[in-house]
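Chains as they are written, first to last, in numbering that gives the first Met the number 0: chain G, 0 to 288; chain E, 0 to 206.
Some hints could be false.
[Said to hold, decoys possible] Once the Cα atoms are required to be at most 35 angstroms apart in a straight line, the calculated DSBU-like pairs of lysine-lysine come out as:
| no. | chain 1 | residue 1 | chain 2 | residue 2 |
| --- | --- | --- | --- | --- |
| 1 | E | 158 | G | 174 |
| 2 | G | 206 | E | 175 |
| 3 | E | 158 | E | 96 |
The hints are simulated quantities; they were obtained by calculation from the structure and are not laboratory data.
Spelled out, the chains give:
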Amino acid sequence: MSSIKLRAVVALSGVALVCAAYAQQTEAAAPKKPAAHAGKAAHKNTAAADFEKFHELMEEDSPAELFEARGKELWKAKRGPKHVSLEKCDLGLGPGVLKGAYVRMPRYFADANQMMDAERRIVYCMVTLQGFNEKDLAKKPFSNGSYTPVPVDLVTYVAGQSRGMKIAVPQSNAKEREAYNIGREIFYYRAGPYDFSCATCHSEDGKRIRMQDLPNLASKAGAVRGFQGWPGYRMTGGLMHTLQWRMNDCFRQQRFPEPGYASETIADLLTYMGVNANGHLYKGPGIKR
Amino acid sequence: MKTFQASILGAVALAIAFSAQAQDDRAKAIAMMKRDFHAKGIAGLDRLDQDGVQLLCNRSDNNPPKPIAERLQQDQLETIEYPADGKFMGDWKAGEKIAERGRGMTWKDKIGKTSRNEPNGGSCYNCHQIGPNQPSFGNIGNSLRNFGKIRGYGPEVQKYVYGKIYNAKAFNLCSKMPRFGYTATLTEAQIKDLVALLLDPNSPVNK
């Protein structure tokens, strides 16, 4: 715990140093007015180099670790109206077993008679074990400038416990196979004012929106890219986001109404993507641009 | 109405070709989405209802039987409202801005306006290469670089481009391109500006 914290602090101070160095360069470059044009180009290059350094630092000591550390504390803390921890939460491999649980979800949970992805299951545990109100948890489920929701920290922690493991989303019973098929139907469902489905942008190789590469989620390689790196620390805005957020914002841009947080629709969609990604190594919570 | 009839015809014809299992999964998927989604801002639950084109394209993997596709395409063609003044060309500079802007029509936006109170964008650069000065373009659609230079600048081409932006499904039923005029995403004036972006000889697109 303390070593994680220390590493994260070192990483962040490294980032601060790079930023400080960048600021200094900008200041130093400012007075040289006659060479403004050449200076601008050089400035652009150093900025790019600094950004590379920044990204390397982030990759080495990912800020995700801070969220994982906080998630770990939250997992063990006695919380909620029932004042209990989540240590008895069963993520599919038995109560309290976290190693490899994330890469084996979504899966069917007999106790809930539902398909559940990691976040949906964690919310379920917060409700059933700790006594939280599901509607309260769904009110502001995504990170913003001022706060990170508890389930985001928890999912990041749980995901970190599958780092370096093979993605193995199960298809071992009829419910899980049906979830894959329903998820596939949702993926290809065209509707809304723009006639978009997920597949409109995500079912061909080599496609992009502007400069942003779009993973082909119907293919194995593309689905791995969709699974990989989430939960992810987004450099844009500096927020931690989970796949729940990713699906929500995709539907927004698809011009659909809003999908329910931690709903079965999302669980089935993630089953489709997860099964397509099976067999590849999951690198753990990551960084997104 | 015609669209509706044709869609039923299409659905019936296609239903025969599909297995009961796939239909079952689809029905469950639709029921699940209708239960799990909620209206937010301008994005009502009615957006989950498919019209004839969406339904037919969806069920045929975007490859509908030709006779049905032709009939539906004709219906879509009839939705196009061409400018009453008979002029298709606006201002290419305004068109460039519309092509750049990708906002509008999401649950964060307003009716006919983005959340920033700008007119809706056409999102053109999201999918198309267009002008020479914008290297950040998507590739879901074809390149529109030198559009007028290649296809000519005449009124026939202008009318085609206006119609294509107004309702892309009138020319290729299962096109990925939205129907910008039909859905009132863009106004007549905005579509004219986009036509000019592609077809004004002075537009950078043709330089």
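| said: Would the hint linking residue 158(E) and residue 96(E) be met if the CA-CA limit is 35 angstroms? | reply: Holds. Residue 158(E) to residue 96(E) sits at ~21 angstroms (cutoff 35 angstroms).
| query | Does residue 206(G) pair with residue 175(E) here, judged by a C-alpha cut-off of 35 angstroms? | reply | holds, 13 angstroms
| task | For the pair we were handed, residue 158(E) and residue 174(G), check the Cα-Cα distance against 35 angstroms. | result | violated, 52 angstroms
When held up to the earlier numbered hints, the structure conflicts with hint 1 and nothing else.
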